[in-house]
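The listed protein sequences correspond, in order, to chains F and C. Residues in the first sequence are numbered consecutively from 1, following our numbering. Residues in the second sequence are numbered consecutively from 1, following our numbering.
Please keep in mind that the hints were generated in silico from the structure rather than gathered at the bench. Take these hints with a grain of salt, some might be off.
[Said to hold, decoys possible] What the simulated footprint calls covered on chain F by chain C, stretch by stretch (three residues with Cβ under 8 Å from a Cβ of chain C suffice, anywhere in the stretch; the number is not a length): (1) 27-33; (2) 41-54; (3) 67-81.
[As the list claims (entries may be wrong)] Label-pair ranges, simulated between beta-carbon atoms: (4) C:Leu91 x F:Met399: 55 to 63 Å; (5) F:Ala172 x C:Gly278: 56 to 64 Å; (6) F:Ala151 x C:Leu91: 40 to 48 Å.
For clarity, every value in this text was computed on a predicted model and none was experimentally measured. Where is the CB? At the ideal position from N, CA and C, for every residue including glycine.
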Amino acid sequence: MRHLSILAAFATLTTGAALAEPSVEVMHCWTSGGEAAALGAVRDAVVAQGVAWIDAPIAGGGGDRAKTALQARIAPGNPPAAMLMLGQNIIDRANEGMLGNVDALAAAQGWDAVLPAAVQEFAKIGGHYVSVPTIVQRTDMMWLSVAAFDAIGAEYPGTWAGFNALAPAFEAARIIPLAHGGQAWQEAYMFEAVVAGVGGTDFDRQALVDLDDAALRGPQMLDVFTQMATLRDMVDSNAPGRDWNLATAMVINGQAAAQIMGDWAKGEFTNAGLVPGTDYVCLPVPKDQGDAFVYLVNSLSLFSQTDPDQIHAQEVLASAIMDPAVQVAFNIAKGAIPARTDVDVSGLDACAQATLAAMASNDAGGTAVPTFAGTHAANAAIVGAATDAITEFCNSDMMPADGVTLLADSIADAM
Amino acid sequence: MARASQDTAVTTGGPVRVGIYLVLLLFALFYMLPFFIMLVNSLKPLSEITGGNMMALPQQWTIAPWLSAWSTAQIGVEPTGLRPYFLNSILTVVPAVAISTMLGALNGYVLTKWRFRGDTILFGLMLFSCFIPFQIVLIPMAMVLGKLGLAGSVPGLVLVHVVYGLGFTTLYFRNYYAAFPTELVRAAMIDGAGFFQIFWRIMLPVSGPIAVVSVIWQFTNIWNDFLFGASFGGTAQPMTVALNNLVQSSTGVKEYNVHFAGAILAALPTLVVYIVAGRFFVRGLMAGSVKG
């Protein structure tokens with residue numbers, strides 16, 4: 001009898017308490033101030049509907065550690081309800097059949113009409129909505145210090161040649177022309193900004209999305225690498241290994257004139273109390289070949305579940321993410337632009353509104369290109385090989401022609 | 001002037017002593033420098049850190065980063081700080097260390113005092129487990145925990161650490177008990193003591209040194225473990241995972257002073273354990289190496 005009661009006690013301990021209310025477990029790598037506050041907006045909406053939010057944050061490695069933890073969850077057949085995944089990762093998981101979909105909800109709420117085609121490419125895979133987009137970020141942006149430009153009395157550059165011409169003037173005034181963090185991923189983002197700016201949308205698609213060998217070895221790529229070499233000379237000697245936010249700090253302090261970085265840099269300016277237009281200027285990088293917009297979609301992908309409670313909880317989550325009020329709150333906290341096109345944007349600052357307008361016009365004109373450095377245009381293996389080649393070019397005295405060959409060979413080997 | 005005695009092996013004169021101490025001091029300063037930078041920068045407001053010199057003492061002393069790291073810093077969506085994860089770590093480490101040490105002692109006792117055919121091979125296989133990298137165990141362990149229904153909970157994590165640490169603790173205790181005279185055990189058996197009685201009343205009381213070794217080793221490894229915590233933690237994530245989330249913000253704001261404070265808080269328990277019990281570590285390992 002004694003043994004039986006001990007056994008019963010042990011059994012209850014190990015089976016654990018079954019949660020009476022539905023819950024959604026979200027795995028992500030947004031653990032810092034602004035990002036976490038943004039996700040908190042979604043959490044509040046979900047909790048208000050009576051669904052518990054189980055947070056599973058694992059930061060680091062650009063999402064690599066979260067992927068390892070995900071593997072440990074998939075193996076016993078217990079994936080989380082939702083996970084923050086980027087680009088090709090979503091497509092791979094969808095093709096493996098691991099993602100569930102919220103098509104019924106999407107049809108009822110009319111998502112097709114309010115999401116730009118560019119965003120739908122990474123939310124609706126194979127005709128099913130497997131991922132719910134939260135925000136869109138622009139990666140080909142340039143952040144300029146008003147103080148630095150006033151010091152030499154120059155206009156903001158509209159072309160790459162114009163920007164290059166300003167560099168000697170900055171150096172004479174003891175201002176670093178380009179603030180840069182010498183880390184591989186930063187150099188990859190800078191590279192794709194230059195490709196879009198120097199080569200234009202069509203070239204960007206051929207080279208980085210279609211991975212056409214002729215385009216990768218062609219004269220336009222040579223121009224891209226020549227411009228990269230010029231940028232390489234504008235960078236100060238302390239750049240290697242520098243974190244991106246320390247480079248932004250250099251622009252904030254007026255020590256440097258410009259930084260080429262995605263729009264997450266805006267958070268640093270806002271935290272330092274700077275006003276767009278007055279203290280700093282946010283511009284897309286100079287576009288020599290017509291307008292282009294390099295975008296990155298952040299979305300929560302839904303893993304397929306069998307328990308009807310779980311499915312209902314996922315739908316609540318999806319609904320909360322696409323709620324216009326939540327989208328606005330999310331973006332004010334994070335500093336990006338909402339995925340939906342029909343939200344009230346009066347609360348967003350001037351930079352975000354300009355980016356939103358650019359997204360709309362580029363999406364309509366077909367000149368919005370998915371990010372290469374953010375593994376939207378190509379998978380992680382190819383992006384990794386290309387990044388190795390780009391960072392080698394940036395950290396050596398390599399001639400542009402050699403850089404072209406190295407990049408093309410690396411991508412060909414990775415395919 | 002030091003003379004040759006039981007404690008010193010070599011005589012050294014005054015100037016040589018000074019030289020030795022000078023070199024030791026230089027090395028100590030060199031190795032303490034990163035800790036000094038962490039400590040000093042954790043007491044500054046963020047504006048001082050982004051503005052200037054890492055090595056300078058704070059112009060404005062503040063313990064706000066420490067309070068923030070402990071209870072209000074953003075770890076994921078909730079601004080909970082490290083405190084709840086600290087408790088998770090303690091809940092995981094204490095049972096895991098206790099169970100793996102006890103089982104290791106029992107294993108060592110059996111392998112040395114109750115010999116049977118194939119016991120050396122068995123010991124060799126257990127030793128083999130010391131060399132298995134964490135990553136290989138990851139997926140199989142995930143499946144086992146899933147089947148047992150322990151995935152994502154503290155008991156599951158304790159089980160993982162006990163299983164993984166058993167090879168090491170068995171090694172320590174087995175080698176320690178091998179030097180223990182078997183005649184005492186035989187005498188106890190003649191006096192009528194049973195298996196567990198001999199264990200409790202003869203073996204364990206003299207196992208002080210090696211138990212300390214085992215506890216320090218297991219404590220340090222389990223406290224510092226990240227991979228198992230991240231993969232099997234679920235809702236009971238240990239403090240290493242929280243610390244990683246605190247300091248690794250890929251595209252968000254980096255509060256370096258809070259990160260430093262968090263890192264020091266995370267390292268404090270292992271530091272305390274070593275300061276308190278460290279001298280027993282080498283003593284325990286060396287126990288029985290010199291006869292008489």
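Violated hints, by number in ascending order, as checked against the structure: 6
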